[in-house]
Amino acid sequence: MRVQVARFRTAAWLGWQVESNWADPLVFTVYAVARPLALAMVLAGMYWALDRSPARHALFAGFYLANAFHVYVTRVVVGMGWIVVEEREDYETLKYVYVAPIGMFTYLAGRGSVKVVLASLSLALTLVVGWFVVGVRWDWSHVAWGPLVFSLGLGMIACLYAGMLVSGAALLLPRVAMTINEGLAAGLYLLCGVIFPVDLLPRGLQELSIAMPFTLWYETLRRALLGHGASARLGAWSEPHLLGALAFSTLVFSLLSWWGYLALETRARRLGRLDQTTMF
Amino acid sequence: MRAPVPAPAHAAEAAIPPAGAFTLFRRTMMARAYVRWIGSMREPSYLLADAVFPTIGMASYVLLYRALGAPRSFETLAVLGGVLATYWLNVLWGMGTQLYWEKQQGQLQLYFVAPCSRMAILSGMALGGIAATTLRTVAALAVGFGLLGVRLPAFDPLALLGVFLVSMTALYAMGMILSSAFLLLGREAWHLANAVQEPVTFLSGLYFPLSTFGQFGLVAATLVPLGLGVDALRQVLLGRAAHGLMPVPAEVGVLAALSVVLLWLARFSLAHLENLAKREGRLTQRWQ
Numbered sequence: 072m073r074v075q076v077a078r079f080r081t082a083a084w085l086g087w088q089v090e091s092n093w094a095d096p097l098v099f100t101v102y103a104v105a106r107p108l109a110l111a112m113v114l115a116g117m118y119w120a121l122d123r124s125p126a127r128h129a130l131f132a133g134f135y136l137a138n139a140f141h142v143y144v145t146r147v148v149v150g151m152g153w154i155v156v157e158e159r160e161d162y163e164t165l166k167y168v169y170v171a172p173i174g175m176f177t178y179l180a181g182r183g184s185v186k187v188v189l190a191s192l193s194l195a196l197t198l199v200v201g202w203f204v205v206g207v208r209w210d211w212s213h214v215a216w217g218p219l220v221f222s223l224g225l226g227m228i229a230c231l232y233a234g235m236l237v238s239g240a241a242l243l244l245p246r247v248a249m250t251i252n253e254g255l256a257a258g259l260y261l262l263c264g265v266i267f268p269v270d271l272l273p274r275g276l277q278e279l280s281i282a283m284p285f286t287l288w289y290e291t292l293r294r295a296l297l298g299h300g301a302s303a304r305l306g307a308w309s310e311p312h313l314l315g316a317l318a319f320s321t322l323v324f325s326l327l328s329w330w331g332y333l334a335l336e337t338r339a340r341r342l343g344r345l346d347q348t349t350m351f
Numbered sequence: 021m022r023a024p025v026p027a028p029a030h031a032a033e034a035a036i037p038p039a040g041a042f043t044l045f046r047r048t049m050m051a052r053a054y055v056r057w058i059g060s061m062r063e064p065s066y067l068l069a070d071a072v073f074p075t076i077g078m079a080s081y082v083l084l085y086r087a088l089g090a091p092r093s094f095e096t097l098a099v100l101g102g103v104l105a106t107y108w109l110n111v112l113w114g115m116g117t118q119l120y121w122e123k124q125q126g127q128l129q130l131y132f133v134a135p136c137s138r139m140a141i142l143s144g145m146a147l148g149g150i151a152a153t154t155l156r157t158v159a160a161l162a163v164g165f166g167l168l169g170v171r172l173p174a175f176d177p178l179a180l181l182g183v184f185l186v187s188m189t190a191l192y193a194m195g196m197i198l199s200s201a202f203l204l205l206g207r208e209a210w211h212l213a214n215a216v217q218e219p220v221t222f223l224s225g226l227y228f229p230l231s232t233f234g235q236f237g238l239v240a241a242t243l244v245p246l247g248l249g250v251d252a253l254r255q256v257l258l259g260r261a262a263h264g265l266m267p268v269p270a271e272v273g274v275l276a277a278l279s280v281v282l283l284w285l286a287r288f289s290l291a292h293l294e295n296l297a298k299r300e301g302r303l304t305q306r307w308q
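Residue numbers (my numbering), protein chains in the order written: chain A, 72 to 351; chain B, 21 to 308.
Please note: incorrect hints may appear among the correct ones.
To be verified - Heads up, incomplete: computed chain B residues facing chain A, CB under 8 angstroms, no partners named: (1) G77; (2) A87; (3) L88; (4) T157; (5) T221; (6) Y227; (7) F228.
Claimed, not checked - Listed next, the in silico SDA-like pairs over lysine to any residue satisfying Cα-Cα at most 25 angstroms (straight line): (8) A/K166 with A/L345; (9) A/K166 with B/G126; (10) A/K166 with B/Q125; (11) A/K166 with B/Q124; (12) B/K298 with B/F288; (13) A/K166 with B/K298; (14) A/K166 with A/F79.
Note that these hints are calculated values from the structure, not bench results.
Heads up, the beta-carbon is just placed ideally off N, CA and C, and yes, glycines get one too.
Produce the complete structure using the sequences and hints provided.
Now the structure itself:
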């Protein structure tokens, strides 16, 4: 166990060195701050363009909040896919990492943990801007801390395992790995009803969306912080029901992702694609 | 009887009349546009990335307006934003980072030794990029007007085409400047491109009327030509429901002036880049 922790810590340290080394601090800050803030301001612009009413504001607050937390998906899930692309294409070190005793899973988890920290920074900034500029606020005395902490933990687990699955896909499909990474971020933004209620999705997609841990996570976060959700369909679910569904969905999703990663990695190794560069 | 003597290689070269500056510019531009067009069609994953991903974002924004109970014209506005987002992505990734990619692949030096105008190469890239991107906007239009049921009132197609051409000239001229700037920035270019993608989307008001921000909207529109272009196109399509910043003729005038200035700046920055490449000899080194 101590060896595993030491390996994880080493991978996280390396991740930080890589993340903070490629650019000067100004560009790094702009990159870490500008992107999520600009996205939040696009939403704010869309909201401010409309007549404001209390009901509309309450709805918008829920969407803004979920959008802020979606940064974990864009930074951690997609970022873990990018780790494979960078190691293989940019640094051409993936084969060395792969044969090193640290193990790919521990390495990816360690590198991914740095992305969790950076995503948390972006989240905090987005929420601060939301609070002071956009007016997305909540009553601290009414925050449901238990469900909030519980769902945050489950959300992180779901993000890390989803990241593993994306990394596995990047190992197997070198040429389209970049497309998969970017596509996943866009796809999950739509599928998980980040900025609209999933009730607006067509039947079939709605069910798929509700089965995803991220959709349930955002709904739990909205209820825990703001006291209300966004979806009429999920609104019929009680708190314990929603939390139980989130826990179950996360468990199933994590197991499937773990299995999927191993299957994809094995296939990539058999096909000799671990160090296949594409010059992109 | 003597066998026919094969013509020397230089005879074939001599058969091609020497091109004037304009003809050489046109040929180079068309050749580069052809490569861009064929290249963009060759890799199916590029089609997916360029056409489908912006459309997914657009669909989310349309559904956000729908969830907030906004007037239907706002949904049309979001679809138009999604269509124009594909051009912005093409300018950023297809134009801005192109010279950097060429350097990474070891082809940049060929650009600098080729006996043609570098502006012609970039113009060809822009022309091919616009053509390929226009084809990709079909996905956004199909999702917006087909799947999401967004509706468009009657509009003047000639006015739309005119405003579109002026907007694209200004936008792609900015892309030409970015291509030189990103090349100078070296390995930070990739991250810088990533960093400006969303802020420009915000400053251009791709998904909301810039007039929402009052005077700040006007300032934002002057920073990036995309903002004025989006605003003018929206006004042509939606009229008063577009909540425009300025009258369309004024916006077209500013865009035309911006096109001239940006094209001149692009030419200047390319010349600077060429000088740097010759003087220091480092510009074509990978990972710098």
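Now for the hints, and whether the structure bears them out:
1. Hint on B/G77 holds. Least Cβ distance to chain A is approximately 6 angstroms, under the 8 angstroms limit.
2. With a cut of 8 angstroms, the hint placing B/A87 at the interface with chain A holds, because the nearest CB-to-CB distance is about 4 angstroms.
3. Because the beta carbon of B/L88 sits about 6 angstroms from the nearest beta carbon in chain A, less than 8 angstroms, this interface hint is met.
4. Here the hint on B/T157 is broken, as its CB sits about 16 angstroms from the closest CB of chain A, past 8 angstroms.
5. The beta carbon of B/T221 comes within 6 angstroms of a beta carbon in chain A, closer than 8 angstroms, and the hint placing it at the interface holds.
6. A hinted interface residue such as B/Y227 counts as satisfied when its beta carbon comes closer than 8 angstroms to some beta carbon of chain A; here the least separation is about 6 angstroms, so the hint holds.
7. Here the hint on B/F228 is kept, as its CB sits about 4 angstroms from the closest CB of chain A, short of 8 angstroms.
8. As the CA atoms of A/K166 and A/L345 are separated by approximately 6 angstroms, the hinted pair is consistent with the 25 angstroms bound.
9. At most 25 angstroms may separate the alpha-carbon atoms for a hinted pair to count; A/K166 and B/G126 meet this at roughly 24 angstroms.
10. The hinted pair formed by A/K166 and B/Q125 meets the criterion: a straight-line CA distance of about 22 angstroms does not exceed 25 angstroms.
11. Distance hint between A/K166 and B/Q124 is fulfilled; the C-alpha atoms sit about 21 angstroms from each other, no more than 25 angstroms.
12. Taking the CA atoms of B/K298 and B/F288, the gap is about 16 angstroms. The hint holds against a cut of 25 angstroms.
13. Note on A/K166 and B/K298: the hinted pairing is violated, with a Cα-Cα distance of about 37 angstroms set against a maximum of 25 angstroms.
14. Between the alpha carbons of A/K166 and A/F79 the distance comes to roughly 19 angstroms, so the proposed pair stays at or under 25 angstroms and holds.
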